[in-house]
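Student: In case you want the letters, here they are:
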Amino acid sequence: MVDFLQMVLSGIAVGSSYALMGLGMVLIYKASEVPNFVQGEMALLPVFITYMLLSSYGLPYYIAFPATLIFAFILGCILEFAVLRRAKEPNVLGLIIITIGLEMLLIGFVSWKFGAEQHVMPFPISTYDAIILGDIFISTLDMLTLVVALIIMLILFLFFRFSKIGVAMKATQQNENAAALMGIKTHQIRMITWGISAVVGSVAGLLIAPVLMQPYMMWDPMLKGFAGAVVGGMTSLPGAVFGAYIVGVVEHLFGGYVSIEFKSVVAFVVIVLVLCIKPSGLFARHYVKKV
Amino acid sequence: MDMKRDYYEDVQFFTSGAIAFWLSILVIGLALFPFVAKNYYVYVANYMAINVIVVIGLNLLVGYTGQISMGHAGFFALGAYGTVALMTHAHFPFLLALPTAGLIAAGFGFLLGLPALRLEGPYLAIATLGFGITITQIIGKIKILGERQGLHAPELTIGPWHLSTDKDFYFLLIPITILLAVLARNLVHTKVGRAFIAIRDADIAAETMGVNLTLYKTLAFAVSAFYAGVGGGLYAFVLRFIEPELFSLFMSVMFLTMAVVGGLGSMMGPVAGACLLGFLDLQLRNILELPYIGQWIKALSESYFTLTGVSNIQMIVFGSILVAIMLFEPLGIYGIWIRTKKYWKMWPF
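Line by line, the protein sequences are chains A and B. In terms of the numbering used here, the first sequence opens at residue 286 and continues consecutively. In terms of the numbering used here, the second sequence opens at residue 23 and continues consecutively.
Just to be clear, a hint being listed does not mean it is correct.
To be verified - Facing chain A, from chain B, some residues (calculated, C-beta under 8 Å):
hint, residue
1, Val84
2, Phe132
3, Arg140
4, Gly143
5, Ile148
6, Gly152
7, Ile155
8, Leu268
9, Ser270
10, Met273
11, Gly331
12, Met337
Derived from the structure by calculation, the hints contain no laboratory data. The beta carbon of each residue, even a glycine, is placed where N, CA and C say it ideally should be.
Can you make the complete structure from the sequences, with help from the hints?
Tutor: Shown next as structure tokens:
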């Protein structure tokens, strides 16, 4: 039983970073209808910039981390403004290809600049600290990830409910033409959505970096976040969070009880099974095409 | 541009004398190539031919049927491991093992096609992507497939003919490539091909016209997987050594890239894309040894970047090509060709 609880808790902790990636993807999917493969790299570049600020320029954390998030926001906006908006006759495949292209571009640039080797990210919390609750123990970093993820979700919830931009975003996602007629600058709103998504992703990146920091570090969280978002239905923010936690927990339970070797692929088996039953995910209303 | 007047004009192989002329030049050129080129370039040609096979198959699925696959490395791996395992463990002759492995891959393609019937867009992308990753992980755990250590391809003998060098293999590979390309080209002009195109353009309309969606969608996956499987089986003998890490997600993405850069939904496009990107891929792997730019890149890396990461320039180049193609010419190389042809058609007026 203790084992079980331990695994569920670790799963939830890992699921938190997946959930942040998934949230980022869903935000963008709702705004631009593109599965955003560059999500991981929109976080990767800011994380390496932080690394540079902290270790080469010796800036303190309280300057470096906010600077990173601002950089991430600008990066997201630039990608949308300079590339995605310029696409001719965009269809799903074309947009996927563009994001893959951007992803290769950014990952290539980062690994050329910083080399392929493992780096050590300076971080205020040691990765070896742990909190012990009875028989269960959880590392402080995991706990921090969990808390930060919950705070971000709360902020997003409040943002979409009460802020003017948040409501405008929801309006744009629901019906772009109607939103534009109501005086919302939909292009701008979409750009800001990309920026916010990059910020959310970068937070996940910053929390992953102390454990693993090399150019391919965001691949796995991005794919798992995507898988989680697909389980949840790609168009629902709570669905993405729920799906990501499912992926994290299932992965850990499978790793603990069945086979540690196939731990990283079980997420994809889960999504294929879920999609066979509910083709649009668990939380999205199934979209029936009208002729 | 070119109007078709009757059915036979649509299905005929050489649409004009010029095409017949240039194609025969191409075939003669391919036949003479290994006698004039250096050994390394024969290897490059082999590598390109394999990409051509896979990308033609992928194009049948993505370009003609309109389904997304990000898991073709999985089929490729199935073909490669299938061929080698059948030859070493079951002692199949090569010419039997290759199509058998292709059929195994096609079987898996059929299985993947079943969930794909209900999925589209990002859902299909993640499902196929998951398949590609899962297959290589599973192969890496199977004992007779060499686990993580990989497998060595056996000696290749067909009848009295012993293929030991790249040049020998070239003469086996190129006819197979041409055969498969012609098959694909003809398939598109049959009932099946027209059903694929109808599904791509409007699947509901196709269904009301009597196209069996279940049959043709799974068939598209199976045919495409067969091509990837055959390509994989041949690839094992180009490399002579295969390991699970080769068949990564990056490879699936590369195949998709080649198809898109070449131009989806055309026959010439994927061939051009596969050749161009396959060539670039091999050249950029040792970018520091290239004449002229090699030195410059080295100096640049030492002062501003790192030398260990220099191979990643490949990613930057491919990424830029992808983005540029999608932004400026969504039809890829084929689109550029069409526009050039149109522009010069009335020359000099």
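Student: Are any of the numbered hints broken by this structure? If so, which, sorted upward?
Tutor: Violated hints: 2, 8, 9 and 10; rest satisfied.
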